[in-house]
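Asker: Spelled out from the first residue to the last, the chains are:
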Amino acid sequence: MISRVGWRSRFLTFILILWVLQGLGLAWRFGPDLPELWARIASGRVGEVGRAAAPFQRLLRELEKTMPGGAAYVFLDHYEAGRYIEARYYLYPRRQLLLRPETPPSFLYYAVRQHQAGYLVAPEGEFPSGAGLEALARTAACRQLHLDGPGRIYRVNPDRLTGFFYD
Amino acid sequence: MIEGFLSAIRLVLGLICLVGVGYGPAALMTAEPREIALTERLAVSFGIGAVAVTLWMLGLSSVGVRFSLLLILAPLLVLSGAALGTVRGRRAVAADIASLGIRPKLSFRGWEWLWLGLLAGLFLYATLRAVLFPMWAWDAIATWGFKGKVFYLRGSIDFSGFEAHNYYPNLVPLLLSYLYLWLGQVNDHLVKGLFPLWGAMLLVLLYRFLYRLKLNRGSALGLTAFFALNGATFIDHMIIAYADLALAYFALGAAGFFYLWLWGAAPHGSLGVVTWFGAGLCWCKYEGSPLTVTIVLAGLLTLLWLRPLDFRRRLLALLYPLAGLMLGVVPWRLFATAHYLEMGSDHILHFFPQQWWQALPQVLLGLVNPVHFGVLWVAAAAALIIAGRSLFTTPRIFLLLLIGGNLLALVFAYAVAPCSAAEFPFYIRGTLDRLLLHITPVVGLLIGEGLKEAGYRQETMGNGCQGREIGGAEKKASN
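Those sequence lines, one after another, are chains A and B.
With my numbering, the residue at position 95 of the first sequence is 95, and numbering never jumps.
Residues are numbered in my numbering as their position in the second sequence, beginning at 1, plus a constant of 167.
Hints are computed from structural coordinates only; laboratory data are not their basis.
Think of the CB as a built atom: it goes at the ideal place given N, C-alpha and C, for glycine as much as any other residue.
Be careful, since some hints might not be right.
To be verified - On the chain B side, residues computed to face chain A include the following (Cβ under 8 Å):
id	residue
1	L299
2	F313
3	L396
Make the full structure from the sequences, and use the hints.
Answerer: Here it is, written out as structure tokens:
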């Protein structure tokens with residue numbers, strides 16, 4: 001018959017074995033980070049977006065370098081996609097105006113002029129861009145910036161949008 | 168390179184000042200020599216400093232004063248210095264300086280070296296992983312880190328122009344803003360060094376609590392490593408800049424010191440620390456207030472059950488966590504009311520029974536999911552079995568009530584969450600690990616009690632930091 005102390009001791013040993021086994025799982029999960037950490041220290045690439053990060057975050061980081069701090073931008077996406085939150089974080093203090101991709105030209109023109117939005121960001125997504133963006137992109141007030149990433153970025157001159165666009 | 172080095176020095180200076188703000192009150196409250204170790208006092212000072220600095224920043228914003236390091240730190244450091252100038256403060260400082268003068272004896276044994284090595288490795292990994300990468304995790308960029316950036320750039324708590332759960336408490340965002348003020352810029356990778364430090368402070372508290380509970384040093388160290396390296400949740404939260412790690416730290420501090428007080432093993436003045444940590448709980452996340460209430464309820468039920476000799480006097484001690492609740496909730500509520508911020512109330516509108524029955528097995532499965540917490544909760548179940556009848560005849564029942572009550576509250580919270588049937592399983596999957604993290608360090612104390620019962624207790628009273636004699640609760644219980 002196993003004594004009370006012996007029973008406890010075996011039980012603890014069993015839990016320790018389980019702990020060591022799950023520790024192998026931790027090593028499996030976090031171990032692959034180590035070469036990247038070492039590479040960053042060695043090359044001084046401190047604070048860069050990780051390789052595993054969404055390419056959209058990289059695009060926003062690039063855009064952050066070109067867009068002035070006081071600028072406003074239209075972000076064409078669905079609220080539910082949540083990408084506007086990433087843009088809001090990386091591009092702050094630039095003012096964000098979130099509109100749906102299917103926004104009609106009349107309202108898009110109005111919004112750009114009303115808020116003096118100098119940029120327009122249209123991330124790639126499951127929804128095609130609507131008539132508003134298609135119309136705006138054809139005007140002389142709008143010029144596409146060629147930044148690599150899953151989305152289209154436009155430089156907009158609100159003063160050149162003369163308006164008078166009716167649906 | 169030099170700029171990065173200078174930024175790191177600035178960050179360290181900011182953290183030292185934060186601890187300095189908390190050190191005065193901590194020394195004033197826990198002044199008895201040899202009752203509290205320097206590491207424990209520093210871990211407590213960090214929490215008190217975080218609460219004091221951020222509440223003061225809230226005060227500055229309330230009266231329309233823009234943030235500056237001088238305005239934030241000067242009054243608080245003067246107050247902290249004044250606390251150190253009192254007789255009690257001077258006694259505490261003298262004891263801490265004396266402890267620094269003693270050359271530490273490297274008398275660790277084999278296993279203890281292993282535990283220390285594992286903890287040091289974890290801290291090194293988490294620090295590098297945190298500071299070498301920018302903020303990327305969802306809640307960090309959606310809420311905590313975003314607000315930290317906004318408050319720093321606007322110089323005040325200003326929500327105009329955005330909606331990012333504006334009614335959430337702001338301890339973590341304001342602390343990030345404070346560190347940005349030290350850095351002189353938004354540096355969202357270096358500032359994440361705060362979180363590994365927070366995790367380390369949590370581990371220091373856990374180790375000290377276990378030691379106070381009379382586990383021997385090796386077992387206390389081993390159990391601390393067992394907690395830290397069990398599942399990925401704790402490690403992840405040392406990296407991703409969420410408020411949940413802060414909440415877990417304050418929960419451990421508030422519940423741990425209260426539990427030690429029930430045993431009579433807490434240093435004098437610990438209940439004051441419970442007040443500060445209770446305030447931190449409520450001021451860093453919405454879930455903190457119900458957690459503080461469960462500490463009070465568990466304490467009340469424990470006292471009612473055990474009926475210690477000085478029952479009425481002990482009952483008054485519940486006012487300390489309640490005072491923390493008020494300190495953590497009222498200032499923010501006043502600010503929100505004055506600024507017409509809409510407080511989130513959507514979580515208390517309906518009770519959905521089908522969600523209750525869906526959440527119950529999910530929460531139980533979450534406890535044994537090795538990815539979340541490894542075998543920690545399995546060990547807690549084992550500790551319950553080992554502790555046996557003593558669970559109901561000693562203050563250990565407090566841990567049982569607190570943990571059980573919080574698990575029940577968690578299932579209830581899921582049952583009242585406004586969520587579509589299709590999204591509900593994803594909602595649980597996305598939030599369960601972090602919600603369990605809040606209470607998990609307290610589970611470490613329960614496992615410690617089990618280990619003690621299994622024979623891993625101290626043979627003597629230790630190094631003199633053990634505290635006072637066992638209080639009335641245990642005396643009554645042992646009768």
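Asker: Of the numbered hints stated previously, which ones are contradicted by the structure, given in increasing order?
Answerer: none
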